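Q: Given the coordinates of chain L, work out where chains Z and G should sit on it, guided by the hints.
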Amino acid sequence: MRSSDLYTRKFHVSEFLAEKLIAATAFLSFAVIILIFVFVFREALPIFSSSEPATHDEAVQEEVETYGEEALGEASQLRAAEEKERRAGSIEHVEGNASLRNLLSTDWQPVSGEPKFGLLPLIVGSLKVSLIAILLAAPLAILAALYTSTFAPKRVKEILKPAIEILAGFPSVVIGFFALIVLATFVQDLFGTMYRLNAFVGGVALSLAVIPIVYTIAEDAIAAVPKSMTEASLALGATSWQTALFVTLPAATPGIFAAVLLGVGRAFGETMIVLMATGNAALMTFNVTDPVRTMSATIGAEMAEVVFGDTHYNVLFLIGSILFIFTFTLNAVAEFYIRRRLLRKFRGG
Amino acid sequence: MRPIIHFLTLSIVAAATMVAQEVITVKGSDTMVLLAQRWAEVYMSKHQDVTIQVTGGGSGTGISALINGTTDICNSSRPMKTSEKQKLKQRFNSLGVEIKAAKDGLSVYVNEANPVKELTIEQVRKIYLGEITNWKQVGGDEARIILYSRENNSGTYVYFKDNILEGKDYAPNTQSLPGTAAVVNAVSKDKNGIGYGGAAYGRGIRELALKADESSMAYPPTAENVRSGAYPMTRFLYMYVRTRPTGSAKAYIDWILSDEGQSVVQSIGYFPLR
Amino acid sequence: MRNAPWLGTLTVVGSGAAALTIILLVVVVMANILIGGWDTLSWEFLSAAPTEGMTAGGVFPAIVGTFLRVILMSIVGVPIGAITAIYLSEYASQRSIFARFIRFAVNTLAGVPAIVFGLFGLGFFIQFVGGGMDRAFGDGVELRWAQPNLLWASLTMALMTLPVVIVSVEEAMRNVPRELREASLALGASRWQTVYKVVLPNSITGLLTGGVLAVSRGAGEVAPILFTGAAYFLPHLPNSLSDQFMELGYHIYVMSTQSPDVEATMGIQYATTLVLLLLTFSLNFAAVYLRYRMRKRAIA
Chain L
1 MRSSDLYTRK FHVSEFLAEK LIAATAFLSF AVIILIFVFV FREALPIFSS SEPATHDEAV
61 QEEVETYGEE ALGEASQLRA AEEKERRAGS IEHVEGNASL RNLLSTDWQP VSGEPKFGLL
121 PLIVGSLKVS LIAILLAAPL AILAALYTST FAPKRVKEIL KPAIEILAGF PSVVIGFFAL
181 IVLATFVQDL FGTMYRLNAF VGGVALSLAV IPIVYTIAED AIAAVPKSMT EASLALGATS
241 WQTALFVTLP AATPGIFAAV LLGVGRAFGE TMIVLMATGN AALMTFNVTD PVRTMSATIG
301 AEMAEVVFGD THYNVLFLIG SILFIFTFTL NAVAEFYIRR RLLRKFRGG
Chain Z
1 MRPIIHFLTL SIVAAATMVA QEVITVKGSD TMVLLAQRWA EVYMSKHQDV TIQVTGGGSG
61 TGISALINGT TDICNSSRPM KTSEKQKLKQ RFNSLGVEIK AAKDGLSVYV NEANPVKELT
121 IEQVRKIYLG EITNWKQVGG DEARIILYSR ENNSGTYVYF KDNILEGKDY APNTQSLPGT
181 AAVVNAVSKD KNGIGYGGAA YGRGIRELAL KADESSMAYP PTAENVRSGA YPMTRFLYMY
241 VRTRPTGSAK AYIDWILSDE GQSVVQSIGY FPLR
Chain G
1 MRNAPWLGTL TVVGSGAAAL TIILLVVVVM ANILIGGWDT LSWEFLSAAP TEGMTAGGVF
61 PAIVGTFLRV ILMSIVGVPI GAITAIYLSE YASQRSIFAR FIRFAVNTLA GVPAIVFGLF
121 GLGFFIQFVG GGMDRAFGDG VELRWAQPNL LWASLTMALM TLPVVIVSVE EAMRNVPREL
181 REASLALGAS RWQTVYKVVL PNSITGLLTG GVLAVSRGAG EVAPILFTGA AYFLPHLPNS
241 LSDQFMELGY HIYVMSTQSP DVEATMGIQY ATTLVLLLLT FSLNFAAVYL RYRMRKRAIA
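Protein chains in written order, with this note's numbering: chain L, 1 to 349; chain Z, 1 to 274; chain G, 1 to 300.
Source of the hints: derived by calculation from the structure; they are not laboratory data.
Bear in mind the structure is a predicted one, so any value in this text is a computation, not a measurement.
Within a straight-line C-alpha distance of at most 30 Å, the following computed DSSO-like cross-link-like pairs (lysine-lysine) qualify:
hint, chain 1, residue 1, chain 2, residue 2
1, G, Lys296, L, Lys227
2, Z, Lys250, L, Lys84
3, Z, Lys189, Z, Lys168
4, L, Lys84, Z, Lys211
5, Z, Lys189, Z, Lys117
Label-pair ranges, simulated between beta-carbon atoms:
hint, chain 1, residue 1, chain 2, residue 2, range
6, Z, Ala218, L, Leu135, 43 to 53 Å
7, L, Phe191, G, Ser240, 46 to 56 Å
8, Z, Glu22, L, Gly73, 23 to 33 Å
9, L, Lys227, G, Tyr292, 19 to 29 Å
10, G, Ser42, Z, His47, 28 to 38 Å
All C-beta atoms, glycine included, are put in the ideal place defined by N, C-alpha and C.
One chain only, chain L, in its complex shape (with noise of 0.2 Å):
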């Protein structure tokens, strides 16, 4: 039973205004979802609606006004005629059109002569980094939140739950400098990669980040194992590892499943790091060591200075509403079929 329970008999009007008053303040969560939804999505919808792409021709054929070109020098000059021409005969800006075709490419040259904004190598790099992280995030975890909840001496967990603490403390900005620095010199000098930003420095960097959701979630939900399971377990001449890897881990695999989805979630939205580990070059390869550009990243990098309105603004936006959408599916997931699934495990219905 739960404590509003005990509330159900007298009745107020400043009571019931309170009452609505918080419950609406409350709503004020559901109602940010909602307005994300809403609003990272209505600035990515023109690229939907916009059948041709605007062109300038007007604005070109009419000459810049200039201030102080006296006070340029004789090579200035020559400098300043040169580069006039180059831009007369050179095709400016074009804001180019996101059709789903070049939309669906595989190149991402956003700032062309002919913008091309393919997602596909953003999609994949996203994908390829966040693989690399929960493969190498997801099994140290795990059996790190096993040790502690099973095997681990409290000398051991007392060092190992303050560390995770520390390890979800840090800012990414501080595991992407650390990357930057420090990590990528060292892959390179270990494994002689070509390229010293790659998707997979990018992908251990995340794994920092990573670890710590992953471990809390698997280590709840490993403690959420009834005792009366792994008592009977042990009851029956079981020994501890065998109770741990034959009865808790299987009765945790929801709870643990779901920490994986999460932290998926997690790398796949993680932006700091990615910007400044993974060398940012758009291509399309399944090779770890290659450098990889990343949805992400992307956005970080690019939004600060594109024109509001552009397409490539609004294509920043499409990528924002993937990523929203993408995270928001695994959260729903997480929650609704895992948590569900590990409540009837245990209540037996």
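A: Just chains Z and G, lined up with the frame of chain L:
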């Protein structure tokens, strides 16, 4: 906490007393923010009645601010785009006024262990377009060339693309890094790397001498060569205003273009206009 | 195989090794940053502004910016988070669909990538709210609010750290013994009186913990402020909500990727990182300590 409150009150008081002063706001390019800051400092020390507020944020941010009316002067390391001029025209019925404020020599750097000492512009272009992929092809060791570039939001990226790559796209395996420092750092740690950007002082890299074409001489990016125009990869740093400058803004801009203003340029690592 | 002793050894040794690896990773990163930054860290570094083209001087403006931002963020985020927690813990019945929606929303909010919050801040706060404010109060030409600034960055951050506050406060309220509520109600107090006079004072540590954890998370996060307010270099400290600001995490990012001279600023980069780490650590440590006290009291 208290120092902050203290500070806030102080700044509010300061802001209130400043109202009587002329305020010129300058916003834009991060490449130029330190230069603009130095200009403002020197100018303000001589003209007590003028306050100049300088903020960075990037060329794009500065131009947006100019379009939006939140800044008087915009610094930009690239010329304004047509779409931006159009927006300015829509709001203020003016295409903006361009002021060339200083020169910047862009360098191409390689690792100091790399035997290559000079390249032609043509070779640089082919390297970045992915047509030359091995150092052996330009007189170096047998090794794959690792390309480093700036992010596509930077003025430097656009300049390099328009002027060196003739508007073509960079090779897809070009790694984009968020700043000159990141490029210098990457090249200094990558013996097969090549990068470009503003003048850099980092250890472990060498700035290449460049040739305009096969027959011309190779010039290193020294102050003398940039000033004389012999070094082929230089660009202007721009300031933009909405309409032909008048009043205190004109006085400030004229001062920047004067000998005194231009002498500040060199102390920051850029090059004067003459 | 279920009886094979080697499997037992493998399990214990393997999981122990995993635990050890994590500890080692933490130690290596910590040691590297501590050693790299220690020499540069000084009182002057903390109290001076960057000088000589950001190749010398300190990080004072970035510290001020970080503080201003987390304070603003807490002023908005902590009350909202606390009230939501009150609702979830004291008002909502578990079967209520509304409460389930909110709980789901809180969990989802916790999983939304930081960069998406940044986009949201840009699309909603800056363009929509800020743009609306400018249209309502301004002259229609000059933009004051529809641009990145301290206020929007703080609000974006407040929304991002909301789940941290909610979870922490709710846990604290759960730990308030049921008997206290019963006693209060038996004495004739209403529900709101019980919440306000009994539950809330008894979960004040939880509230503090939540606030501190949110601040720690918020202080270190850079992605949402990349385009909602952080600036590369400002000669003045911010003096209004519509000013941009410098920030420690962002400073690390720009110094390590955009400073004019990497070698010369290596010490500054490390020291800035160290300052940020020390800041988040002391906050985290405070949270851990508060929670420890809270749990001890709950047991007692």
